[in-house]
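Asks: Okay, here's what each chain looks like letter by letter:
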Amino acid sequence: MSWLPYIVPAWIFVIGLYGMATSRHLVHLILCLSVTQSATYVLILMIGYRTGATAPVFSDVLSTVRATDPVVQAVTLTDIVVGATVTALLLAFALRIYKTYGTVDPQDLRTMQG
Amino acid sequence: MAVVQGVALVLVAVVATVAVLVRDPKRQIFLYMIYGLVMTIVLVVLQAPDVALSELAVGSVAIPFAVLATLVRMEHGKGK
Amino acid sequence: MSPRARGVLAAISGLALLLVVLAGFAKLPDFGVYLGPYGTLVDELAPIQRKIPNAITAVNFDYRGLDTMGEEFILFAAVAGLTLVLRKDRRDTTDAPLPSAGLRGRADRSDAIRAFGLAGIAVTIAFGVYVAIHPHLTPGGGFQGGTITSGFAALIFLALGYRPLKRYAPHQRTEPIEAIGAAGYVLVGVATLAAAGAFLANCLPLGASGEFFSTGTIPVINLCVAVEVVAGFVVVFGEFADETRFEVDDEAEVEP
Chain A
1 MSWLPYIVPA
11 WIFVIGLYGM
21 ATSRHLVHLI
31 LCLSVTQSAT
41 YVLILMIGYR
51 TGATAPVFSD
61 VLSTVRATDP
71 VVQAVTLTDI
81 VVGATVTALL
91 LAFALRIYKT
101 YGTVDPQDLR
111 TMQG
Chain B
1 MAVVQGVALV
11 LVAVVATVAV
21 LVRDPKRQIF
31 LYMIYGLVMT
41 IVLVVLQAPD
51 VALSELAVGS
61 VAIPFAVLAT
71 LVRMEHGKGK
Chain C
1 MSPRARGVLA
11 AISGLALLLV
21 VLAGFAKLPD
31 FGVYLGPYGT
41 LVDELAPIQR
51 KIPNAITAVN
61 FDYRGLDTMG
71 EEFILFAAVA
81 GLTLVLRKDR
91 RDTTDAPLPS
101 AGLRGRADRS
111 DAIRAFGLAG
121 IAVTIAFGVY
131 VAIHPHLTPG
141 GGFQGGTITS
151 GFAALIFLAL
161 GYRPLKRYAP
171 HQRTEPIEAI
181 GAAGYVLVGV
191 ATLAAAGAFL
201 ANCLPLGASG
211 EFFSTGTIPV
221 INLCVAVEVV
231 AGFVVVFGEF
241 ADETRFEVDD
251 EAEVEP
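Protein chains in written order, with our numbering: chain A, 1 to 114; chain B, 1 to 80; chain C, 1 to 256.
One or more hints might be untrue.
Derived pair list, reagent style DMTMM-like, types lysine to aspartate or glutamate, alpha-carbon separation capped at 25 Å [said to hold, decoys possible]: (1) C:K88 <-> A:D105; (2) C:K88 <-> C:E211; (3) C:K88 <-> A:D108; (4) B:K26 <-> C:E211; (5) C:K51 <-> A:D60; (6) C:K51 <-> C:E211; (7) A:K99 <-> B:E75; (8) B:K26 <-> A:D108; (9) C:K166 <-> C:D111; (10) C:K88 <-> B:E75; (11) B:K26 <-> B:E75; (12) C:K166 <-> C:D108; (13) C:K166 <-> B:E75; (14) C:K51 <-> C:D67; (15) B:K26 <-> A:D60; (16) A:K99 <-> B:D24.
These are calculated hints, taken from the structure and not from any lab test.
Go ahead and model the full structure; you've got the sequences and the hints to work with.
Replies: Right under this line is the structure:
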């Protein structure tokens with residue numbers, strides 16, 4: 001079963017892209033983008049995982065036990081919070097589009113006029 | 001690979017698929033919150049407690065609030 | 001292109017992309033085998049060099065502190081962009097609160113919602129600050145704890161209403177706090193540059209492992225990040241709450 005851990009982030013990534021490509025509502029598209037982003041979190045944390053290891057926090061264990069990689073966890077945790085803020089920015093853009101064009105269907109927003 | 005890790009990973013793939021295939025945003029928010037919860041479980045199982053805290057806070061509070069406020073404006077406002 | 005053709009094309013391309021990605025993943029080491037030297041080195045050296053039990057915080061705020069500064073400024077820029085986009089076409093000026101939609105006031109919220117909301121605000125702030133302020137001892141930190149704490153603004157809006165949110169967290173108060181948090185990080189870096197010759201060098205006394213006042217500049221930087229994340233998300237919630245103030249259609253039901 002060693003192929004399962006690596007097929008899951010690839011599947012989440014591709015299904016998120018499929019949802020974005022066939023979306024009929026801008027908010028649905030933005031949430032699918034968030035799902036696609038989270039596939040990278042799973043992938044990078046799986047690369048940093050070590051079998052039988054514990055979290056890299058040594059408050060209660062000695063620092064010589066096997067621990068997972070702290071560098072990938074450090075970049076992922078800031079990435080999640082920043083990704084949430086960028087998603088909020090995208091929602092503001094979606095509201096702006098709605099106020100200007102009156103529609104939220106990305107397949108109706110064909111041409112940029114004037 | 002432990003059983004609990006395999007089950008959690010399969011679960012997150014299934015919930016992600018369902019969250020994408022639900023087209024109505026009002027329903028998709030709940031699926032997204034469930035996805036955040038399952039993702040938190042996966043992150044704990046992969047021995048990453050800090051990341052799990054981040055994902056829990058973001059998936060429960062920040063994103064659903066913003067999406068709900070946007071949907072309220074889009075559905076009930078006067079259009080322009 | 002019709003939606004059906006678009007769906008079929010997206011499915012075929014998605015499948016092709018999946019195969020290419022899996023072919024790329026086939027060269028990665030097996031799950032559970034970690035080969036990189038950097039992580040192992042940080043795990044061994046961080047508790048000794050910086051006297052910090054939490055290696056993730058050491059990477060975030062000490063070994064890779066410059067990257068975290070960049071991430072914090074992405075957050076700052078996203079919040080600034082959001083306020084710019086949402087305030088552009090409001091009819092009033094941004095300093096006055098917008099008129100309330102409909103005539104529903106405080107009395108329309110049930111007492112249970114208000115009671116649970118107030119209790120929830122207290123618990124959220126207490127737990128969020130607890131998570132935020134000592135990442136050098138336990139899992140936690142400015143990013144996680146800041147996001148948890150910022151939930152109090154959402155709870156105020158949901159449990160008490162729009163006007164209490166604008167009274168307790170007006171954007172004139174939260175935006176300077178966010179700016180102070182963002183600038184504080186850079187000022188700590190400049191101060192260490194003046195004191196020790198390197199930007200964001202850890203030059204304060206390291207103390208003993210497990211104490212609250214230990215590990216040098218890490219708690220200081222973390223406090224700046226926590227302040228900035230809380231204030232940033234409260235600004236975002238305030239802006240989205242402003243968006244729920246709009247002129248209603250005749251009989252549409254609106255939640256204030």
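Asks: Now look at each hint and say whether the structure bears it out.
Replies: Hints and how they fare:
no.	hint	in the structure
1	C:K88 <-> A:D105	holds, 22 Å
2	C:K88 <-> C:E211	violated, 48 Å
3	C:K88 <-> A:D108	holds, 24 Å
4	B:K26 <-> C:E211	violated, 47 Å
5	C:K51 <-> A:D60	holds, 14 Å
6	C:K51 <-> C:E211	holds, 10 Å
7	A:K99 <-> B:E75	holds, 12 Å
8	B:K26 <-> A:D108	holds, 20 Å
9	C:K166 <-> C:D111	holds, 21 Å
10	C:K88 <-> B:E75	holds, 20 Å
11	B:K26 <-> B:E75	holds, 10 Å
12	C:K166 <-> C:D108	holds, 18 Å
13	C:K166 <-> B:E75	holds, 23 Å
14	C:K51 <-> C:D67	holds, 22 Å
15	B:K26 <-> A:D60	violated, 44 Å
16	A:K99 <-> B:D24	holds, 20 Å
Hint compliance for this structure: hints 2, 4, 15 are broken, all remaining hints hold.
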